[in-house]
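Got chain V; can you put chain C on it based on the hints?
2 protein chains.
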Amino acid sequence: MAHAPDAPSPRTRVRLKPTRGHYERETIEAILDEALIGHLGFVVDGEPRVIPTLQARVGDHVYFHGSPASGALSALASGATVCLTVSLVDGLVLARAVKHHSVNYRSVVVFGRARMIVDRLEHLAALEAFTERILPGRWAEARPPTENERKAAAVLALPLDEASAKVRTGPPLDDEEDYALEVWAGVVPLDTRPQTPVADPRLPAEVGLPRSVRRLLEREDGRSTAT
Amino acid sequence: MAHAPDAPSPRTRVRLKPTRGHYERETIEAILDEALIGHLGFVVDGEPRVIPTLQARVGDHVYFHGSPASGALSALASGATVCLTVSLVDGLVLARAVKHHSVNYRSVVVFGRARMIVDRLEHLAALEAFTERILPGRWAEARPPTENERKAAAVLALPLDEASAKVRTGPPLDDEEDYALEVWAGVVPLDTRPQTPVADPRLPAEVGLPRSVRRLLEREDGRSTAT
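From first to last, the protein sequence lines stand for chains V and C.
Under my numbering, read the first sequence as residues 1 to 227, first letter to last.
Under my numbering, read the second sequence as residues 228 to 454, first letter to last.
One chain only, chain V, in its complex shape (with noise of 0.2 Å):
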């Protein structure tokens, strides 16, 4: 733990069992790349709104989707504190005693002032981000926005300076006189793993699997016959 970096700002700072605290880059990106959804908090008259949204990181940032009709949007890409939080469960911690019972998880929590992209290449290039992040290799394969559209598609990107990871992993941790009972405990893993496509109802039967859906349910058999 000796190199590891130190919390970038006192907010980010992981307060309670801060052994679960991870401030490396790496870290916090593999979260993020792995998760679908944020859970974007900012504040409305003096009250606390999170609302869940899709996200995608490239860079130094992460990307989110706005609308130009939403007013809570357009207020934040004027430069409100907004607190993107991402969170993955990755197990259910069976401990012998109640008190210990926990979920493994990683989470990330992201501060900072969001900007609303203008840069029509940046814009493009989060458009992509978002398209990947829901399944990679679908923006060879869907028809790309028209320049409307894309303008229609407000971004909002905050950077990542002031980030944080919290990760919890491994067995569960009870007290050292429980251990004696004859309880069982570990650690039940959890995955999100993708079904059966169903096609559109209105897709031509002879229009077969894209080959981002195939990859992706190869990948998924790999992982079954690996487990």
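Errors might be hidden in some of the hints.
Unchecked claim - Between beta-carbon pairs, the in silico distance windows are:
hint, chain 1, residue 1, chain 2, residue 2, range
1, V, Glu182, C, Thr246, 51 to 57 Å
2, C, Pro235, V, Arg15, 30 to 36 Å
3, V, Met116, C, Glu251, 46 to 52 Å
4, V, Asp191, C, Pro428, 17 to 23 Å
5, C, Met343, V, Leu181, 36 to 42 Å
6, V, Thr196, C, Arg340, 41 to 47 Å
What the hints assert, rightly or not - In silico negatives: residues of chain V with every beta carbon more than 12 Å from chain C:
hint, residue
7, Tyr23
8, Glu29
9, Ala35
10, Pro144
11, Pro159
12, Val198
Claimed, not checked - Only some residues are given here: those of chain C computed to face chain V with a beta carbon under 8 Å:
hint, residue
13, Ala324
14, His328
15, Asn331
16, Thr358
17, Ile361
18, Ala367
19, Arg370
20, Glu374
21, Val394
22, Asp427
Derived from the structure by calculation, the hints contain no laboratory data.
By construction, the Cβ of each residue, glycine as well, lies at the ideal position given by its N, Cα and C atoms.
For chain C alone, kept in the frame of chain V given last:
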């Protein structure tokens, strides 16, 4: 839709894509009862904070864990408004056009003031609900909390008076002219499933899988056969 109730308050009304808004208690409870974690938003010094937290519903309240060590949560218990958002991602929505890519999801937003549970029986019921939310049947298997452990486990209760759900289901919705494109479109369902349990390294070999875990895996086998 004639009998569907309206939003309980302006801040819970789904404004963007209002047809996705649902205000029936049944829909809201089903989403809360399926999710392990929620994202709790609150305001500190005028800025948003969003933390992932275990959540469990009992009747008209959703409970979440606090810790007496966490200054933020004691502030919450003193009556500040919080926003708890719970989201389930159900599938990748692959449209013909990049523009209409999305995910199928179910989410709930609850606004309100949380109160710290002090009543002993309500407190025990909440701790039971957390344990059963992690794994049904587990409360009866694990060592129950002592009185001191119970007192140390701060739990907050948030009433469901001001809650709304937002749900996207079904196939992609492309622009009419794009249905002629020869691009595969449809949904790849996602499902979070339990994997092979990993026993605690300190567990004696003779302690077999408990009923709660066996049931979970049996239910899983039933689902795999059914699909």
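> Among all the numbered hints in the text so far, which are the ones the structure does not match?
Replying inline: 3, 5, 9, 10, 12, 15, 18, 20 and 21
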